[in-house]
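Sequences are here, hints too, so could you generate the full structure?
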Amino acid sequence: MSTVTRNALVSTETTLREYVSTGVMALGAVLFLASWAVLFQWVGESTPVLGVAVFTLFGVLLLAMAVGIAGVGVAARLGRVSASPSASAGLVVGVLFGGIGFVTGGLVASQTLGMGAVGWLAVALAVGVAVAALAVVPREDVGSTFPPALFLAFVGALLVTGTLGLGWSWSPDGVSATFVGSVMVPVLTVAGSLVGSWSAAKARAGFGTQGREGGAFYLIRLSVFGMLGVLALLVGFIVKNGLETALTRAQFGLGGHVGLPGSILGVTLPNWSVPFVDVQVPFVTNVSQSLFVEVPGLAPAILGTLWLVVGAMLFAIPLGLAAAIFLAEYTESRLFRQLVEIATNGLWSTPSIVFGLFGLAFLVPRFGGGKSLLSGQLVLGFMLLPLVVITSYESIKAVPDEYRDASAALGVTQWQTIKSAVLPAAMPGVITGVILGVGRIAGETAPLLLVYGGPPFSSQNPSVLSSFQFTSAPPFVSNTALMDAGSALPYQLYTSITSGRLPGQGAPFSVQEFGWGTALVLLVVVLGLYAFGIAGRIYFRRKLYNE
Amino acid sequence: MSNADTTPQRQDAQATETTTGETVETVRDEWADYDFDGEPMVAVEDVNVHYGDDHALKDVSMDIPEESVTALIGPSGCGKSTFLRCLNRMNDRITSARIDGSVAVDGEEIYQDGVDLVELRKRVGMVFQAPNPFPKSIRENISYGPRKHGDIDTSLLSRLLGRDDTEAEEALVEQCLRDAALYEEVADRLDDNALGLSGGQQQRLCIARALAVDPDVLLMDEPASALDPIATAKIEDLIEELAEDYTVVVVTHNMQQAARISDQTAVFLTGGELVEYGDTDQIFEDPESQRVEDYITGKFG
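Residue numbers (our numbering), protein chains in the order written: chain A, 1 to 547; chain B, 1 to 301.
None of these hints come from the bench; they were simulated from the model. A hint or two may mislead.
To be verified - Cβ-Cβ distance ranges computed for the label pairs, FRET-style:
#, chain 1, residue 1, chain 2, residue 2, range
1, A, V224, B, A233, 27 to 37 Å
2, B, A233, A, G528, 51 to 61 Å
3, A, G528, B, G162, 37 to 47 Å
4, B, E30, A, E341, 51 to 61 Å
5, B, D37, A, Y545, 42 to 52 Å
6, A, G79, B, G77, 54 to 64 Å
7, A, A343, B, S61, 42 to 52 Å
8, B, P229, A, G226, 46 to 56 Å
9, B, I94, A, F468, 45 to 55 Å
As the list claims (entries may be wrong) - Listed below are the simulated EDC-like cross-link pairs for lysine to aspartate or glutamate, each with C-alpha atoms no more than 16 Å apart in a straight line:
#, chain 1, residue 1, chain 2, residue 2
10, A, K397, A, E332
11, B, K58, B, D29
12, A, K397, A, E329
13, A, K419, A, D401
14, A, K543, B, D191
15, A, K543, B, D192
Ideal Cβ placement from N, Cα and C applies to all residues, glycine included.
This is how it looks when you write it as C-alpha cells:
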C-alpha cells in the first residue's frame with residue numbers, strides 16, 4: 001500500500017467547507033476594518049449599530065467566527081467535508097497558540113482571580129501547555145482550528161457578557177499606563193479577526209500544504225493592504241487638512257487673463273497668469289509676506305526648494321557618477337573599494353544636522369559669513385553625494401560584462417566603452433538613486449536651519465537666473481541671489497509652526513492651516529520630482545530594452 | 001582520465017606511470033606539427049597561461065594558415081577558450097592571468113611593449129559564446145566599432161557642417177549584414193532594438209558587428225552552442241563563407257561541427273595541453289594520439 005493520499009484532480013464545485021470558511025474570512029475582514037474605524041474614532045464606541053452596542057456586536061461576530069472555524073474543523077475531522085490535512089498543525093502553530101494561551105491564562109488568573117505569583121504562573125503554564133497540545137497533538141484540521149476558535153470564543157464571550165467593555169479599565173502595578181476598554185476591545189478584536197481569518201484561510205484551502213499556503217498568502221496579502229492603508233491614510237490626512245488652505249481664493253477658469261508668467265525671475269509675483277486659461281492659486285504663487293499680499297503664499301519657499309535641489313544635483317551627480325565609474329571600472333584594489341564603500345555608507349547614515357553644522361562651521365564663513373542659498377545647495381549636495389555614489393556603483397556593476405567584452409573585442413577603448421555601452425545600460429539605476437536622494441534632500445529641514453534659513457516669512461523670491469552680474473575685475477561673475485538666505489518648504493513649515501503666528505493681519509487662515517497647506521505643497525513638489533525621475537527612467541528603459 | 005584497467009593500450013604509444021597509478025600518455029611534439037603552404041596568419045609559440053596558481057595552458061605552439069577555418073576542440077576546462085583569448089589579448093582583461101610566450105599576428109609579435117591593443121583587436125575580432133548585442137538599434141550595433149574609432153562620423157556637429165558619413169554608414173551596415181547573412185531578415189527594421197532579434201539573429205548580428213571593423217582574423221568562442229539546430233546550421237554556413245576572406249578560429253564542443261566546417265583541427269585535452277593539430281580529415285579519421293582517438297570516438301570526455 002502506498003502512503004501517498006490522492007485527491008480529486010479536478011474539482012469545480014464549491015464545497016460546504018469553502019462556503020463556511022469564506023464566510024468566516026469575510027466576517028474577519030469586516031471586524032478588522034470596523035475595529036480600526038473605532039480605534040481612529042471614525043465610529044463612536046457607544047454608537048449603537050443595528051440596535052446593539054458596537055462592542056457587543058463585535059463579541060457576537062467573534063463568537064460566530066469561532067463557531068464557523070470550529071465547525072469546519074470538526075466536520076473535516078469527522079470526514080463530513082473533504083480536506084487533506086497533515087498529521088499535525090506543526091510546532092510553530094503550537095508555540096504561537098501556546099504563547100497566546102499562556103498570556104491569556106496568566107492575565108485572567110493574576111488580575112481577575114487575584115492569584116499570587118505562584119498561582120498565576122501555574123495556571124498560565126497549564127493553559128499554555130494545554131492549548132499548545134491542542135494545536136500540536138490532534139490532526140491538523142482540529143489543531144489549526146480549535147485553538148483560534150477558543151481564543152475567539154473567549155474574547156467574544158467577554159464582550160457579549162460585557163465583562164470587557166466601555167467601562168473597563170486596568171492599571172497594572174508598576175506601569176504608569178492604563179489600559180481602557182475603548183482601546184483594548186478594538187485591539188483584541190483586530191487580533192481575533194486576524195487569527196480567525198488565518199485559520200479560515202487554511203480551512204478554505206483544505207488544510208495540508210495547500211492550506212499552509214492559503215494561510216501564508218492571507219497574511220502576506222494582509223500585510224500589503226496594511227502597508228497601502230498606512231500610506232493612503234498619511235496622504236489622505238495631509239490632503240484633507242491642507243487642500244482648503246492651498247486653494248484659498250483660487251480661481252480656475254477659461255479666458256480671463258491672457259498673458260505670460262513673465263515675472264518668474266522677477267522679485268514679486270502678484271499673480272501668475274497662463275495664456276487663455278485663468279488659473280490663480282495665490283497660496284502657491286504669492287510671497288509669504290508683503291504689504292500688498294492678503295494671502296500669505298509659498299512662492300519663495302517653493303522656488304527655494306527647487307533651487308536647492310537643482311544646486312545639490314548639479315554638485316552631486318557629476319561627482320558621484322565619476323566616483324562610481326572609478327570604483328566600478330578602474331580601480332583594481334579591493335581594499336580601496338571597500339574603504340570607499342564604508343565611507344559612503346557612513347556618510348549616507350550621518351544625521352543631517354551634522355551636515356548642517358559642518359556647513360555652518362566650514363561653508364558659511366567662507367561665503368561671506370551669512371547664511372546663503374549656495375551653502376544650502378552644497379550641504380544638500382554633500383548629503384546627496386553618497387546615495388548617488390552607492391546606487392550608481394551598484395547599477396554600473398550590474399551591467400553585464402558581455403557588453404564590456406564585446407566592446408573591448410571591437411578595439412574600443414575603456415573610456416569609450418564606459419561612455420557608450422556601460423553608462424547607457426546603467427542609466428535607469430543611476431536615475432533611481434538620484435530620485436531617492438532628491439526625495440530625501442527636498443524634505444530636509446535640519447541643515448537648512450543652520451546654513452540657509454532666512455526670516456520666517458520671506459518677502460522675496462530667490463531669483464537666481466536674473467541675478468548674475470558680470471564684472472571686468474575678478475571674480476568676474478557674482479550672484480546676489482545665491483548669497484542670500486531664504487526659505488524652503490520644510491523650513492517654512494517648521495518656522496511657521498514654531499513661530500505660531502502669521503505675518504500681518506487678516507490672513508484668511510490660521511497658522512496651523514498654513515502649515516497643513518505647506519505640507520501638502522511639499523508633498524506635491526516631492527511627488528512631482530519623483531514623477532520627473534520616473535519619467536526619465538522609463539524613457540531610458542524603453543530606449544534600452546524595447547519595452 | 002584513461003584508466004589502465006579499462007582502456008586498451010596501443011603498443012606504440014609511450015606510457016608513463018604516475019604516482020596515482022594511472023597511466024598517462026606522453027604528448028609528442030610532432031603530433032602538433034602541421035605543415036602548410038604560405039606564411040602563417042597567426043603563429044603561436046610556447047604560450048603558457050597561468051590564472052593565479054592554475055596552469056591553464058602549457059607550452060602551446062601552433063601556426064594558423066590564413067583564410068581558413070581552424071577548429072579548437074577538447075573537453076571543458078582544457079584551455080581552448082583561454083588559447084583563443086590569447087590571440088587578441090582578451091586575457092589581459094583578467095587580472096589574475098599571466099601569459100608567457102609569443103604570438104605573432106601577420107608576422108608581428110603581439111606580446112611585446114608598444115602593442116596598440118585597439119589596433120590589435122580591430123585586426124583580430126571576436127565573437128562570444130552567448131550572443132551579446134548592445135541594447136541599441138541594429139544599425140548602431142554594427143556601426144558601434146567604426147563610430148568609436150572615428151572611421152564613421154555621424155555626430156550632430158558633422159551633420160550640421162554637412163560632413164557626416166551617414167551614407168557611408170548606411171553602406172557599411174548593409175554590407176556587414178549581407179556578409180553575415182542577416183540583411184534580408186532585418187532590412188526593414190534596422191532601427192529596432194537588437195535585443196528584439198532571435199538568438200540566432202543576434203549571434204549573426206554580433207558577427208556582422210565584428211566584421212564592421214574589417215578584421216583579418218575572426219575568433220569565435222563556441223558561437224553556436226546557445227542556439228537551436230536551424231540557427232546553428234546558418235552560423236556554420238556563414239563560417240564557411242567567411243573563411244574565403246577571413247582567417248577564422250572557432251572553439252567548439254561539437255565534434256561533428258568541427259568536422260563539418262573546419263580545414264584544420266587542434267585538439268586540447270585536460271591539463272591545457274595541445275595534444276594534436278593537423279588536417280581535420282586526418283584528426284578525425286586517423287589520429288596519432290590514443291587519447292585524441294578516445295576523445296573523438298566518445299570514450300573519454
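Comparing the hints with the structure gives:
Checked against the hint of 27 to 37 Å, the C-beta distance between V224/A and A233/B comes to roughly 50 Å, which is inconsistent with it. At roughly 55 Å, the beta-carbon separation of A233/B and G528/A lies within the given 51 to 61 Å, and the hint holds. Separated by about 42 Å at the C-beta atoms, G528/A and G162/B satisfy the suggested range of 37 to 47 Å. Checking the proposed 51 to 61 Å range against E30/B and E341/A shows it holds: the Cβ atoms sit about 55 Å from each other.
Under the hint 42 to 52 Å, the C-beta atoms of D37/B and Y545/A, about 50 Å apart, fit the expected range. The hint said 54 to 64 Å for the Cβ distance between G79/A and G77/B, and at roughly 59 Å that hint holds. The given range of 42 to 52 Å is respected by A343/A and S61/B, whose C-beta atoms sit roughly 50 Å from each other. The given range of 46 to 56 Å is respected by P229/B and G226/A, whose C-beta atoms sit roughly 53 Å from each other.
Between I94/B and F468/A the C-beta distance comes to about 51 Å, which sits within the given range of 45 to 55 Å. With a C-alpha separation of about 14 Å, the suggested pair K397/A and E332/A falls inside the 16 Å cut-off, and the hint holds. A hinted pair counts as satisfied when its Cα atoms are at most 16 Å apart, and K58/B with D29/B qualifies at roughly 12 Å. Restraint check for K397/A and E329/A: the C-alpha separation of about 8 Å stays at or below 16 Å, so the hint holds.
A distance of roughly 15 Å separates the Cα atoms of K419/A and D401/A; the hinted pair therefore holds under the 16 Å criterion. A threshold of 16 Å between alpha carbons decides the hint, and for K543/A with D191/B the separation of about 11 Å falls inside it, so the pair holds. Restraint check: the Cα-Cα separation between K543/A and D192/B comes to about 10 Å, which is no more than 16 Å; the hinted pair holds.
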